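Protein chains: 2
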Amino acid sequence: MRLSRYFLPVSKETPADAQIVSHQLMLRAGLIRQTAAGIYAWLPLGLKVLRNIERIVREEQDKAGAIELLMPTIQSADLWRQSERYDAYGPEMLRFKDRKGSEMLYGPTNEEMITQIFLSAVKSYRDLPRTLYHVQWKFRDEVRPRFGIMRGREFLMKDAYSFDLDEEGLKASYEAMFVAYLRTFARLGLQAVPVRAPTGPIGGTLSHEFHILADTGESALFYDAAIDEVSRDELLSADASSIARLTGLYAMEEEEHAKVTDCPVPPERLRTRRGIEVGHIFAFGTKYSASMGLSVQASDGSSVHPHMGSYGIGVSRLIGAILEASHDEKGIVWPESVAPFRLGLVNMRADDGSVTSAADEIYGRLQDAGVETLYDDRDERGGAKFATMDLIGLPWQLIVGPRGLASGVVELKRRATGEREEVSVESALARLTA
Amino acid sequence: MRLSRYFLPVSKETPADAQIVSHQLMLRAGLIRQTAAGIYAWLPLGLKVLRNIERIVREEQDKAGAIELLMPTIQSADLWRQSERYDAYGPEMLRFKDRKGSEMLYGPTNEEMITQIFLSAVKSYRDLPRTLYHVQWKFRDEVRPRFGIMRGREFLMKDAYSFDLDEEGLKASYEAMFVAYLRTFARLGLQAVPVRAPTGPIGGTLSHEFHILADTGESALFYDAAIDEVSRDELLSADASSIARLTGLYAMEEEEHAKVTDCPVPPERLRTRRGIEVGHIFAFGTKYSASMGLSVQASDGSSVHPHMGSYGIGVSRLIGAILEASHDEKGIVWPESVAPFRLGLVNMRADDGSVTSAADEIYGRLQDAGVETLYDDRDERGGAKFATMDLIGLPWQLIVGPRGLASGVVELKRRATGEREEVSVESALARLTA
Numbered sequence: 006m007r008l009s010r011y012f013l014p015v016s017k018e019t020p021a022d023a024q025i026v027s028h029q030l031m032l033r034a035g036l037i038r039q040t041a042a043g044i045y046a047w048l049p050l051g052l053k054v055l056r057n058i059e060r061i062v063r064e065e066q067d068k069a070g071a072i073e074l075l076m077p078t079i080q081s082a083d084l085w086r087q088s089e090r091y092d093a094y095g096p097e098m099l100r101f102k103d104r105k106g107s108e109m110l111y112g113p114t115n116e117e118m119i120t121q122i123f124l125s126a127v128k129s130y131r132d133l134p135r136t137l138y139h140v141q142w143k144f145r146d147e148v149r150p151r152f153g154i155m156r157g158r159e160f161l162m163k164d165a166y167s168f169d170l171d172e173e174g175l176k177a178s179y180e181a182m183f184v185a186y187l188r189t190f191a192r193l194g195l196q197a198v199p200v201r202a203p204t205g206p207i208g209g210t211l212s213h214e215f216h217i218l219a220d221t222g223e224s225a226l227f228y229d230a231a232i233d234e235v236s237r238d239e240l241l242s243a244d245a246s247s248i249a250r251l252t253g254l255y256a257m258e259e260e261e262h263a264k265v266t267d268c269p270v271p272p273e274r275l276r277t278r279r280g281i282e283v284g285h286i287f288a289f290g291t292k293y294s295a296s297m298g299l300s301v302q303a304s305d306g307s308s309v310h311p312h313m314g315s316y317g318i319g320v321s322r323l324i325g326a327i328l329e330a331s332h333d334e335k336g337i338v339w340p341e342s343v344a345p346f347r348l349g350l351v352n353m354r355a356d357d358g359s360v361t362s363a364a365d366e367i368y369g370r371l372q373d374a375g376v377e378t379l380y381d382d383r384d385e386r387g388g389a390k391f392a393t394m395d396l397i398g399l400p401w402q403l404i405v406g407p408r409g410l411a412s413g414v415v416e417l418k419r420r421a422t423g424e425r426e427e428v429s430v431e432s433a434l435a436r437l438t439a
Numbered sequence: 006m007r008l009s010r011y012f013l014p015v016s017k018e019t020p021a022d023a024q025i026v027s028h029q030l031m032l033r034a035g036l037i038r039q040t041a042a043g044i045y046a047w048l049p050l051g052l053k054v055l056r057n058i059e060r061i062v063r064e065e066q067d068k069a070g071a072i073e074l075l076m077p078t079i080q081s082a083d084l085w086r087q088s089e090r091y092d093a094y095g096p097e098m099l100r101f102k103d104r105k106g107s108e109m110l111y112g113p114t115n116e117e118m119i120t121q122i123f124l125s126a127v128k129s130y131r132d133l134p135r136t137l138y139h140v141q142w143k144f145r146d147e148v149r150p151r152f153g154i155m156r157g158r159e160f161l162m163k164d165a166y167s168f169d170l171d172e173e174g175l176k177a178s179y180e181a182m183f184v185a186y187l188r189t190f191a192r193l194g195l196q197a198v199p200v201r202a203p204t205g206p207i208g209g210t211l212s213h214e215f216h217i218l219a220d221t222g223e224s225a226l227f228y229d230a231a232i233d234e235v236s237r238d239e240l241l242s243a244d245a246s247s248i249a250r251l252t253g254l255y256a257m258e259e260e261e262h263a264k265v266t267d268c269p270v271p272p273e274r275l276r277t278r279r280g281i282e283v284g285h286i287f288a289f290g291t292k293y294s295a296s297m298g299l300s301v302q303a304s305d306g307s308s309v310h311p312h313m314g315s316y317g318i319g320v321s322r323l324i325g326a327i328l329e330a331s332h333d334e335k336g337i338v339w340p341e342s343v344a345p346f347r348l349g350l351v352n353m354r355a356d357d358g359s360v361t362s363a364a365d366e367i368y369g370r371l372q373d374a375g376v377e378t379l380y381d382d383r384d385e386r387g388g389a390k391f392a393t394m395d396l397i398g399l400p401w402q403l404i405v406g407p408r409g410l411a412s413g414v415v416e417l418k419r420r421a422t423g424e425r426e427e428v429s430v431e432s433a434l435a436r437l438t439a
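These protein sequence lines map, in sequence, to chains L and Y.
Take the first sequence: its letter number 213 is residue 218 in this note's numbering, and every next letter is one higher.
Take the second sequence: its letter number 434 is residue 439 in this note's numbering, and every next letter is one higher.
Nothing false has been slipped in among the hints.
Because identical chains cannot be distinguished in the list, a pair is counted as satisfied if it fits within a single copy or across any two copies.
Taking lysine-lysine pairs in the DSS-like style, the calculated list, with each CA pair at most 25 Å apart, reads: (1) 102 / 143; (2) 128 / 176; (3) 143 / 105; (4) 128 / 292; (5) 390 / 128; (6) 335 / 390; (7) 128 / 17; (8) 17 / 390; (9) 17 / 335; (10) 418 / 390.
These are calculated hints, taken from the structure and not from any lab test.
Small disclaimer: the values here were computed from a predicted structure and weren't measured.
Required output: the full structure, derived from the provided sequences and hints.
As structure tokens, then:
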């Protein structure tokens, strides 16, 4: 993409109303723009990151055997009356009437709807187990929206729902999602801590929150150092016994940890860090299937309420968490897996025909090789171009200037380390396409 | 995907409340499920089709130079007061108050929002022209939702907005979108007629509707036979003069045609067919930029209101149009480009170990070759499996049974023609992976 034809409104100034660094960077780097309190438009660069995160979330859901569908944003109040959550849910639920006076709401979550869809279609034990998921916009009418998309009102969430015949089946579905979550966060370049959560008003038997470690996190966590040592290989090859170990590792939020009188983790292995919650999973059993009167026929002919779980990831919120965990004083440092482009190509002298034709040629070759490139072909000062590239945080920068070209080299810079190297065009291309 | 692990609730019965064939087929083939009046959940098979359509729409928008962003579903009423459309818009607009009493609405379209986003970021002629688009859920509170997703309330739309310095620039942006639309519909396997539309309440100078030809269409069209003769090659190589020809070809809705006293098309070249509107494009000039007081600096230092156009495609509606145009008495006949899977693999005897292991092996090889396959591995009667496959309309069926295997063959069936052929496994795979 040529920057001269793109839409990337970056800003040098730190917006006064943005309190945390992720919010500041998202505004400054032209990722989002506020359109109402707690509601944001995703500008082209931000949307690309959002789509990359979605793709990784989807791939891991699919690998775990979950099946994607898509439920609408608007729901009928009657559906929520069946589960008795309509009155129980607070003012965070956006409620309204349509033109005919029917009570409707903008879905904050979908337990009721998926239960109705699934169990109106499925009648037999032979069609279980199933886990269904969707990635859809949700609305929670926060009383004080803040921190940009971290605590916004309209947000993108992946929510999955599992249906099993019995508690044992539910445990297997829960564990499959548990591991899928750890894999998802690892692929996003994030260190996640699965925190044992009180099951609370949603009910049920088992629940974990997933927190991303970041100094600016809103929760204080106490956890077993073994969590930091879980390797990617272990996640990829996780079997039943390693999953049992992983779900059992000690991790608590401060408030819960304070209640523990006999912490199983020796003091030298107990870590304290701050975290940002980006996922939450629940095994809640028959709460919805029973309250909504829905059942399937078991193999012995009896009628059973399926055991269910629900599994959420805050897809848009993850961008905030990534930024809190991955930035420096110059701007964003995207993990490779979610970067909006892999490379920023900088033409240092767009007013110089020979530099421009060299940069254009490199751009063409990068495109042919499938390297996602943002090409700064504008006629601007080099300093401003560098500042923009550092701010938007693409993993690599390739700088083409008259002096280098005279001696047959370009400059390749790694954003994360600031490391710069003068290399031939051929070797730069070889490195980037490897 | 193994059907035994999928979620595909098909039905033999024609739903009583579905009046038109596309609605009936979408319900019967398990593509959608109604969750409230005019509001639908997209089941896994339907979602795959929706995503395929989205992908083609996006690719053609990108090729035309449009840049994707994503605006939120919820908008502030104040934004619509600036353009004076808040009061003008009818009861189709879903309006409500948030918990603080701010007036909000579920966006039926985004002219105001994109104008504000773009022109608060762009100040100079050097950043024009630009065309921005998004694919987002919209809500129109239809008084009588009907025909399934064809006239639903929550629907998916691609809307693009162009910004140019002058009328001539706007004309070029309009023409680029005009051709992109024809290419999009051609790739979807549809025959589209661009109908000259009255500009109506949205104002402006030029407007076309795009209709898909189908006997059940709601509009009667009169058009120049030359439109039927536009070839894909002509669309792909369209230059300025051929675009001028295409935008000028005669096509009118009945009501408008009746007003024409001197039709330029000779009677023998005048076609009459019914159509379903799936796209609408407008060149409306400075209506929003002027009413919202937004301008950019021109090269001579003066201040100008950009000339704008807007360009919509009913993405979810397109599925209805495709089904109206492409079905037979047995069910759906998907065009290859949007089919949810390319192939249905049928195991005729899931209770026979040797048939199942042969079918499993073929399935594995199809997956390795990247052929999107729905594998009916269930222990059901062959007749029911055939009926399901014909109903869901995948382009190809591959049938593996004991008799064929004994003589080393499988049956390959083309859904569109019903043509069946006994071929070796190798030659079937070669055909499908070609």
